Amino acid sequence: MALLKRLVELDRPALAFTLDGEPASGLQGDTLLTAVLTNSEHLRGSDFSAEPRAGFCMMGACQDCWVRLGDGRRVRACSTLLEPGQVVSRDPGRQL
Amino acid sequence: MTTSAQPAVVIVGAGPAGIRAAQTLHQHGVNACLVDEGLRGGGQIYRRQPENFRREAKALYGFEASKATAVHQAMDEMATEIDYRPQTLVWNAENQRLDVVRDGRADAIDYTHLIVAAGATDRILPVPGWTLPGVYSLGAAQIALKYQGCAIGERVVFAGSGPLLYLVAYQYAKAGAKVVAVLDSAPFSAQCRALPALLGQPMTLAKGLYYRAWLTAHGIAVHQGATLQRIEGEKRVNGVQWQGSGPVQQLDCDAVAFAHALRSETQLADLLGCEFQWSALNRAWLPSRDSAGRSSVPGVYLAGDGAGIMGADAAEMAGELAALALLADNGKPFDPVRSEHLQRKLGAIERFRHGLETAFPFPLEWAGKVPDETIICRCEEISAGDIRATVNEGHWEINRVKAMCRVGMGRCQGRMCGLAATELVAHCSGRELQTVGRLRGQAPIKPLPFGLESQP
Numbered sequence: 236m237a238l239l240k241r242l243v244e245l246d247r248p249a250l251a252f253t254l255d256g257e258p259a260s261g262l263q264g265d266t267l268l269t270a271v272l273t274n275s276e277h278l279r280g281s282d283f284s285a286e287p288r289a290g291f292c293m294m295g296a297c298q299d300c301w302v303r304l305g306d307g308r309r310v311r312a313c314s315t316l317l318e319p320g321q322v323v324s325r326d327p328g329r330q331l
Numbered sequence: 201m202t203t204s205a206q207p208a209v210v211i212v213g214a215g216p217a218g219i220r221a222a223q224t225l226h227q228h229g230v231n232a233c234l235v236d237e238g239l240r241g242g243g244q245i246y247r248r249q250p251e252n253f254r255r256e257a258k259a260l261y262g263f264e265a266s267k268a269t270a271v272h273q274a275m276d277e278m279a280t281e282i283d284y285r286p287q288t289l290v291w292n293a294e295n296q297r298l299d300v301v302r303d304g305r306a307d308a309i310d311y312t313h314l315i316v317a318a319g320a321t322d323r324i325l326p327v328p329g330w331t332l333p334g335v336y337s338l339g340a341a342q343i344a345l346k347y348q349g350c351a352i353g354e355r356v357v358f359a360g361s362g363p364l365l366y367l368v369a370y371q372y373a374k375a376g377a378k379v380v381a382v383l384d385s386a387p388f389s390a391q392c393r394a395l396p397a398l399l400g401q402p403m404t405l406a407k408g409l410y411y412r413a414w415l416t417a418h419g420i421a422v423h424q425g426a427t428l429q430r431i432e433g434e435k436r437v438n439g440v441q442w443q444g445s446g447p448v449q450q451l452d453c454d455a456v457a458f459a460h461a462l463r464s465e466t467q468l469a470d471l472l473g474c475e476f477q478w479s480a481l482n483r484a485w486l487p488s489r490d491s492a493g494r495s496s497v498p499g500v501y502l503a504g505d506g507a508g509i510m511g512a513d514a515a516e517m518a519g520e521l522a523a524l525a526l527l528a529d530n531g532k533p534f535d536p537v538r539s540e541h542l543q544r545k546l547g548a549i550e551r552f553r554h555g556l557e558t559a560f561p562f563p564l565e566w567a568g569k570v571p572d573e574t575i576i577c578r579c580e581e582i583s584a585g586d587i588r589a590t591v592n593e594g595h596w597e598i599n600r601v602k603a604m605c606r607v608g609m610g611r612c613q614g615r616m617c618g619l620a621a622t623e624l625v626a627h628c629s630g631r632e633l634q635t636v637g638r639l640r641g642q643a644p645i646k647p648l649p650f651g652l653e654s655q656p
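As they're listed, the protein sequences go chains L and X.
So for the first sequence, the working numbering puts the first residue at 236; every next one is plus one.
So for the second sequence, the working numbering puts the first residue at 201; every next one is plus one.
If you are wondering where the hints come from, they were derived from the structure by calculation, not from laboratory data.
No experiment lies behind these values; they were computed from the predicted model shown.
Careful, some of the hints might be misleading.
If the Cβ cut is set under 8 Å, some of the chain X residues that face chain L in the computed set are [as the list claims (entries may be wrong)]:
#, residue
1, E237
2, P250
3, F253
4, R255
5, G304
6, T321
7, Y336
8, E354
9, A375
10, G376
11, R611
12, P649
For every residue, glycine included, the Cβ atom is placed at its ideal position computed from N, Cα and C.
The following block holds chain L by itself, in its conformation from the complex (with noise of 0.2 Å):
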């Protein structure tokens, strides 16, 4: 299921990549955040109740939408955009 809906820009080459370690597919120019929530529905668990989260202001502001990447880089997924074959995955996160 998606959270995010495509609208326009549609012909775009579609790219490749994992998604906690199933394979998923975006489009060149997507976001992390955007490839993520067309694929699925959150990005990240908080911190303190493990609630799923999917960002909030896609402006590189509210520091909620971190995910990591294969190489051990955690990044925001609004500020970063999908390269072919990226490994990405995402942060449970912790209940108290």
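Following the hints, position chain X against chain L.
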């Protein structure tokens, strides 16, 4: 401060203010270093889509297409001639040095003169359920569409207040998204009262009226004096509750965009030691500046929404004006008539801004009504009840409240919750809003990657 040496100018932020400031300096023979977090210049309201997207400016920016294009053109014309640094975060500022990070690598930039044009984020008054997937700020909803060609869901409710509310709802409907309803917390009577002040900028007023008329003409429900009360759902949004003058009503939807206008990004001005003053209009402490944009710190200038919310047109003027002030302060030739002209135009926009505040009044009742269980700080998951309990223990200064209950202490450093927390503390302690203080800026002003590499 007159000096014959060439000033080393850094501009932070490549939105309308930063771009016009850089362009003005460039035209006067001063090449600034323009540092911006964004991928491509333009800022938020004139944010540019990725290079492989094909929509025309008209589809992205509507009535503002020619303004957006002009700002982008100014950026493109000087981009290779100035020291333009995109995707670069300024995370600290002191003693004529900025600490920056790009692609995980740290660097420092020295300056003699600095123009801070850091912009704004949405002003958020939380409601229960606002952390659910599918809930975004109004600005975010617009970015999803403009920058990524996406809607935030299949069936979207727009709520809150301010000019962005009708604009984004209109843009969504126009792009083919299903807009379930627009819930404007401002009553119609407020908008009538604001008319005399709004008539000072008839074009802007006409655009606002046009968006609303268009929505109504296309069968989209627009409710005024309507308060978003609760967002419902388990793992994602499935509906909202709202209330007008009658009983609470329910709407099915899978996404919500909400905000009450904008708030300024003031952390850098704070780290730089700029004096702040209370702005009743913005309900916030803002860095002081003179009519040309000089802060209280010599060599530091402020422009655009980061120094007080005035909108994109004013930001362009304020950026140019700050650059002219900088040139004047360095004994460079500049056109004083142009400077006076810009100050007059900014004065007219400020009167309009007062009209907007009347048309879209801040919902003063929010702080008293927000239920205890509402998460206010989404980073640290601190509720309205936690904050009220802290106030009831005798704390009322916002940084003290932060120390006691961790509201505003998370990764966003209070960007999303700080204003709401301040409103709550003031209401609960019975104090005037300006007396509870403001959250202090702390370096790094945004999170840095662990294992940051520094330049050799």
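Hints and how they fare:
Interface restraint check for E237 of chain X: the shortest CB-CB distance to chain L comes to about 6 Å, inside 8 Å, so the restraint holds. Interface restraint check: P250 of chain X against chain L, minimum CB-CB distance 4 Å, threshold 8 Å, status holds. Taken as an interface hint, F253 of chain X checks out: its beta carbon lies about 5 Å from the nearest beta carbon of chain L, inside 8 Å. A cut of 8 Å between beta carbons decides the hint on R255 of chain X: the least distance to chain L is about 7 Å, and the hint holds.
With 8 Å as the threshold, the beta carbon of G304 of chain X comes within range of chain L, its nearest partner Cβ sitting at about 7 Å, so the hint holds. Among the interface hints, the one on T321 of chain X holds; its C-beta lies about 5 Å from the nearest C-beta in chain L, closer than the 8 Å criterion. For Y336 of chain X, the shortest C-beta to C-beta distance to chain L is roughly 6 Å, which falls under 8 Å, so the interface hint holds. The interface hint given for E354 of chain X is met, as the beta carbon of that residue sits about 6 Å from the closest beta carbon of chain L, less than 8 Å.
With 8 Å as the threshold, the beta carbon of A375 of chain X comes within range of chain L, its nearest partner Cβ sitting at about 5 Å, so the hint holds. The closest approach between the C-beta of G376 of chain X and any C-beta of chain L is roughly 5 Å, which is under the 8 Å cut-off, so the hint is satisfied. At a threshold of 8 Å, the smallest CB-CB gap from R611 of chain X to chain L is about 4 Å, leaving the interface hint in force. At its closest, the beta carbon of P649 of chain X sits 7 Å from a beta carbon of chain L; the interface hint therefore holds under the 8 Å criterion.
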